[in-house]
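Since the structure of chain Y is already known, use the hints to place chain R on it.
Chain order of the listed sequences is Y and R. Each number in our numbering corresponds to the 1-based position in the first sequence with 1003 added. Each number in our numbering corresponds to the 1-based position in the second sequence with 2 added.
Be aware that a few hints might be false.
Which residues of chain R face chain Y? A partial, calculated answer using Cβ under 8 Å [what the hints assert, rightly or not]:
1) 110
2) 228
3) 371
4) 448
5) 449
Worth flagging that the hints you see were computed from the coordinates, not collected in a lab. For clarity, every value in this text was computed on a predicted model and none was experimentally measured. Ideal Cβ positions, reconstructed from N, Cα and C, are used throughout, including at glycine.
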Amino acid sequence: MRHGRWRFLLGALVPALVLHVVFVLSPYAQAFWLSLTDWTGVAGEAQFVGADNYVRLGGDSLFLDAVRNNALLLVVVPLVTIAVGLFLASMLRTSSPRLGQGYRIVYFFPQLLSLVVIAVLWGFVYNPNTGLLNSGLRALGLGGLAHSWLAEPAFALMAVMAVLVWSSVGFYVVLFSAAIEGIPRELFEAALLDGAGKWATFSRVTLPLVRETVQVAFVYLGIAALDAFAVVQVMTVGPGGPDGATEVIGLSLYRTAFTYGKFGYASAMGVALFFATLTLAVLALRSGRRERLELA
Amino acid sequence: MNPDTQVRPYPTRRTLLKTAAVLSVPALGGCVTAGKSDDKVADAGAEKTAENPLGVKADSPLEVVVFKGGYGDEYAVKAEATYQQKYPQAKIDHKGLQKVGEAMQPRFVAGTPPDVVDNTGAGRLDIATLVGASQVTDLADLLDAPSLDQPGRKVRDTLLPGVVDDGTFAGKTVALNFTYTVWGLWFSKSLFAERGWTYPKTWDEMVALCGEIKKAGVAPWTYQGKYPEYINDPLLSMAAKTGGADLVKAVDNLQPGAWKQDGLVQAATAFAELAGQGYLMSGSEALSHTEAQAAWCQKKAAFIPCGSWLESEQKGVAPAGFDMVMGTVPARSSSDKLPVTAVQAASSESFLVPAKAKNPAGGQEYLRILFSKQSATAFAEANSTLPAVAGATDGLTLSSGLGSVRDAVTAAGSDTFTYRFRTWYAPLAKAVDDATGELVNKRISPADWSTRIQKAADAVAKDSTVTKFTR
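One chain only, chain Y, in its complex shape (with noise of 0.2 Å):
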């Protein structure tokens, strides 16, 4: 019987294991090992040089800019995104259903493009010459509003934060609107007798009873401002400019591996941005982690 048991579980397991361990474990092992030598990516072998990788990162200017954006990323891309996410999934609450189901429809549309796509459509939208955003102020008589938005230092890096904000929101007021529809209704009826206003039923009902999606929420937004590649790649100058104003460090990353031919220095940031990651995510689960709202 426990023989039986055994073969059965390896048998369902060991494919699903064997592949995690090639193509997941075994990379993240690979890229530990690297950051440690100074394999260029075309030859078959790699010195072993300690820790100079990770030492040239501290001097590196780039990568420093890379940091510096991705932690402002990671501040507002977060923030921002929930803010409107829990602002649309609250007023959807209020409005009638039918308008509701087709506004969560609506706002899902970003979600089904590619971040490439994405990226290349607000880059028209940014054109300073025939773009949509310059050519709308233009027409309000706000002409004077118009600037080059991905090629002045002080717009470029918010213009990326619009554009991540904008294609992740929408799965956040699904997700949000999911999690108030669980909310019984009973409680909201409640705090309406109470003479709770549009706020108060907010700060004191919905948001603290949609707290964990948030978190995870965090988590998510989190991870993805900590990326942010593809679009910067795309969309800005340089890319990455101008000058370093929208580096990331996945681009950084890239362009070390694949431009300058440095796979042990790129996977030095690689796993850089491995412990970054994993740090965010342990200390925003960790932070809520205390009260936790039972509902009866």
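Relative to chain Y, chain R alone:
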């Protein structure tokens, strides 16, 4: 309580994880860098004769990997057919790919590369890295072999100036580039004739003309701002004309203070002025190459800097009768070391024979066929692009753009120059692009520009992990 009576699931989570860990160890051993074994199994090759100067073994299979981009791969297939005719027993394997680098990288690592690789296109492998890793064959035998269809001349002597140098790293020629690119300033001949503008020979004339063009309601210049390397080319060309070959060499050899040479600072100042006067079309700084070039084709701007591929790239965008032609970059001063006809020219579409190829003689023989005059002429006809073989366009009727490019090459004679640092030191190229982008957007001064780049060049020079080259 008797623990024995409790039912315990036998394979606990812990034992399962342990088993999984044990199972995974051998899989982790198969690492990317495990392919160290260097047992070369290349064919020794046959005897070298006049008919077969590279000693190709007639029955050795040949594998050719070609970048299938703007030029397609028809020209490469044609050369393969000629090879097949010559060696009917050889089995030829042709691959036309878009992402050559991605496909070839694992094969280089594993030590099983094809016999010929056209290392071109986005994501191509960094040639300096390949050289550093000893992954490419010295093509000296090929260069000294007799040309296929020009009796009495070696392959080396049939190529345009600079082609051999472009593929030479640390004294060894390891790549041959098939197309010849010339950089300059493009304008519409018909637009200039209609408005009575003449193409300037000196920078002062250029500035004066820009004033006139601006008054006429046209932006004098636009550029592909999303990729600042485009505006780099005329800037560096101007500097090279002022300082001559010595300036270029100092830059490429990472000499201390190379970027502070007067020629470079002067050229940077010229472009800062161009921007300062408002002679660059507004918004150019954020336009991609397609957007900027389209605006230029719509006559919104008079000049655009670009390489000689522009005409074929703008097929279908340029209106009929636009008649684009390329002019050489105007001279900055009257004491320039190179004549105004000098052009920045470099070859591209880089063919190489991997060091670990199974049939290196066949690979080189294939290149001898590809670089024959007949094959090059057919390529020029099909793609309206100048091939790297001298005289390949003789007797052909050329379009306005390609004609102007050929004339520029003829007028330049041996006065062609090219910077090698872009291929030798990619991080330095990035630093130059960034700095020039800032310069023409008036965010840094010419002095800052040269200081910044000098700093980057010094960092590359100091970096012991970078393979250095000299010329």
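Status of each hint after checking the structure:
A least Cβ separation of about 5 Å between residue 110 (chain R) and chain Y falls short of the 8 Å threshold, and the interface hint therefore holds. The interface hint given for residue 228 (chain R) holds, since its Cβ lies 5 Å from the closest Cβ of chain Y, which is under the 8 Å cut-off. The criterion of a C-beta within 8 Å of any C-beta in chain Y is not met by residue 371 (chain R), whose closest approach is roughly 27 Å, and the hint is violated. Hint on residue 448 (chain R) is violated. Least Cβ distance to chain Y is approximately 16 Å, over the 8 Å limit.
Among the interface hints, the one on residue 449 (chain R) is violated; its C-beta lies about 17 Å from the nearest C-beta in chain Y, farther than the 8 Å criterion.
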